[in-house]
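Visitor: Produce the entire structure from the sequences given, and follow the hints as far as they go.
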Amino acid sequence: MDRSVQVVMMYILTHLGLIFFLYPSNIIESTDQGHWIPISLGIVIHIIFVLVYLKGLSFFPRRNIIMIYSSFGKVYLILFLLPIFLYFISAVTITVRAYSEILTIIFLANTPLWAVMALLLFIPFFLAIQGVQAIFRTGILVSFLFLPFLVFILIVSFQNVDASYIYPLWNNDFSFMTKQSYINSFFAISGGFLFLGFIQPEISYKHKKIVIAFAAVVPAFILSVYIPLLTFGKATAETFLFPFVLALDTITLSWIMFDRATVFFLLSLITFIMLFISLVLWKASIIIHHSLPSIKPVYIVVSLTFVIYIACLLIPNWQQVQMLFKWNSVLRFYVLLTVPLSIYFLGHLSKKKVY
Amino acid sequence: MNSLIKEIKDSIGDNDDLFFTEHQLTDLSVVFIGLNSLVDLGPSIKQLEKMGQKNYSSKEKLKQISQLGEIKRNASEITSLLLEGKLMIAISLNSDSVVSVDPVPVKLNRAIDQITNENTMLGPLVSFNEDSLTNIGVMRKQLLSEKIRVKHFRTGIHHKKALSLIYYEGIVEENLLETVVKEIKGNSKSDLYSLQDVTKMLGITPYSIVPRVKTTEIPSEAAQSLLKGKIVLFLDGLPFALILPSVFIDMFFLESDKNLTFPLMISLRSLRIAGTLIALIFPGLYVALVAVNPEVLRLELALSIAQSREGVPYPAFIEIIIMLVVLELIMEASVRLPKSIGPTITMVGGIILGQAAVEAQLVSNLLVIVLAATTIANSTVIGVQNLISIRLLKYIVLIFSSVFGVLGILAGVFFICAYLAGVSSIGVPYLNFKHSKGEGNNG
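So the sequence lines, in the order shown, correspond to chains A and B.
At the far end of the first sequence sits residue 354, using numbering that gives the first Met the number 0, and the numbering has no gaps.
At the far end of the second sequence sits residue 442, using numbering that gives the first Met the number 0, and the numbering has no gaps.
One thing to keep in mind: the hints can contain errors.
Stated by the list, open to error - Example chain B residues on the side facing chain A (calculated, C-beta under 10 Å, incomplete):
id, residue
1, Phe403
2, Ser423
3, Asn431
What the hints contain is simulated information worked out from the structure, not anything from laboratory work.
Every value quoted in this text rests on a predicted model; they were computed, and no experiment measured them.
Cβ atoms here follow ideal geometry from the backbone N, Cα and C, with glycine treated the same way.
Guide: Here you go:
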């Protein structure tokens, strides 16, 4: 059965969850003017690698990347799957830790951090043990419930926009490429699309339809940076940890009963993040299940969740989170570069062998 | 006494409603065997006399009587036929065979009645009753098609229950049919008393918050499910159809909605979806906004809420739990109570709990409004089972939101979504979007 809609929805939701919190401040920090240049560079890289990845995957119909790598031998498994696995574990740890910090800063001043982290891990854990199809079905249901909010808030977020902040448009300084904050912004760019290679054969989809998802994700990348920029101006926006959240807080809607209606928007993004975490947990679990087939997937997910929770508890403060972002960027770029390219070349290789 | 008759006597035991009546059928002396709780003997004899020959010769008696029914020689078979309400005719108390005939039964079934639990606005009012054969007849009347197939099964050791399966040949999903038939045949020894037994027999877990088998007492609903490829089961004694599989949209979509025009249908269905969401979220929202995240509200509103809660001596969570439990008790009590005492409960619940609790400052005004809205919204869901599962699920949101505030509401809703997404019965996921696509709009 063709489940392209579910896959496209999942792609959009996980990216929306990843984009709106950390990405804006990373980009705003990375350069002084012409922010569209780093944004579009990121988007172009994202699109290219997704397309290469999809092209590579299309050489192997109805197979996931674990099957592909293992058919080429153990070396490939260790060379590619091990880093992917480590990347997944570190990504979940960072995501849970960072987002619970964000939540305690923005909404839950009195709730202890461990409780928020437990929530952010427990619900994805519960979803992950039910398998990949459940995750995708949840995606559809959640998008019905929460996406309308999101579209609405994105429309009203233009309320305090001052278009003159868009200038100056051009920037000759390309030093942003080496800045840590720009490198960190790839968390949003490279984090979400690997699942496309994992879900076959359980969930089959048409590769071409993923292109539809770009139409939703690309504006999100741009808006997440430009709404705070145009609301506050670069100098002010730079000082905020979560510029987009603050930009939304400036919105006043006199005709609804909530003062901070944006809370609902931001929290629905948190549910998308939960979806993302459960997807990554599931991916990590099937990698382990492949190497240790005797252990039940449920136990793998339980132990992974437990390890990640302990790891999250061991991170004491925001500086450490930033540090982990830095360390994680090595893995991030390794995975971003090698996985799509290796799948693409292995695909070509296997095609030649056949003919 | 002959062994066959003795065997029958032994197996049914010393039942006082078992009769062995010698009778003169026109000019032939026979013995009638039956249960007078099931057989109306007088009219039955009259009927047999009409059907039978004018003159019986004393030779070949058995052959002549056998025109009235079937000859049976196996004692255990005869016993079960007797329990089903058949009448046996023996030539004498010593004969080694009997003739089983259909007598005039004692009227034990109620007539086809109006719907009692699932009222519809525009739709047929006929409902199923306890007799599965009648129900099948009602279904056949709904769908005049030669493609309808009916299969009968008898299951159970301690008591044999009739289980009938209906499907629409050509439309039914083959895998589903195959699995269901296999499960029924494989578990033919399980005694079926309730819906839980049926789900267990079909290999579906009974530990589920949402109903895995849809029940309906409306024949047109059951007929429409057949046309969608589903399977309908009737268990003798249960006055409703069991529809397999049960899916998410059954909570909101009623076939009789289609008797309205399209926009009206869509708005009604959206209303039900909104009602479900309100029932799930409102109690949680109250706790979250009062206790955890009051800053989300507009200042004037936050102040007026705080004012209404002035003097309430316990936290919002305890306050709402107390009131919710009382409310659930009222609902349960009003189902249980005889109709003559029912109004008392309504009065006590409405006036004393609502008004007095607020005046005594035990709960806030707003809470009473929230609870009323929740209860009303909850009732918009279709089906008694769904109603109860929504009633239960709202506590998940409530508990999450009492700890995590507004985040907890969304986390709770997400959790429920995740739970629903994981549910599947007989290989069909509960959130089956394929069917909903055919419905056009999701509201």
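Visitor: Against each hint, give a clear statement of whether it holds in the structure.
Guide: Structure-based check of each hint:
At a threshold of 10 Å, the smallest CB-CB gap from phenylalanine 403(B) to chain A is about 6 Å, leaving the interface hint in force. Taking 10 Å as the C-beta contact cut-off toward chain A, the hint placing serine 423(B) at the interface holds, the least distance being around 8 Å. Taking 10 Å as the C-beta contact cut-off toward chain A, the hint placing asparagine 431(B) at the interface holds, the least distance being around 9 Å.
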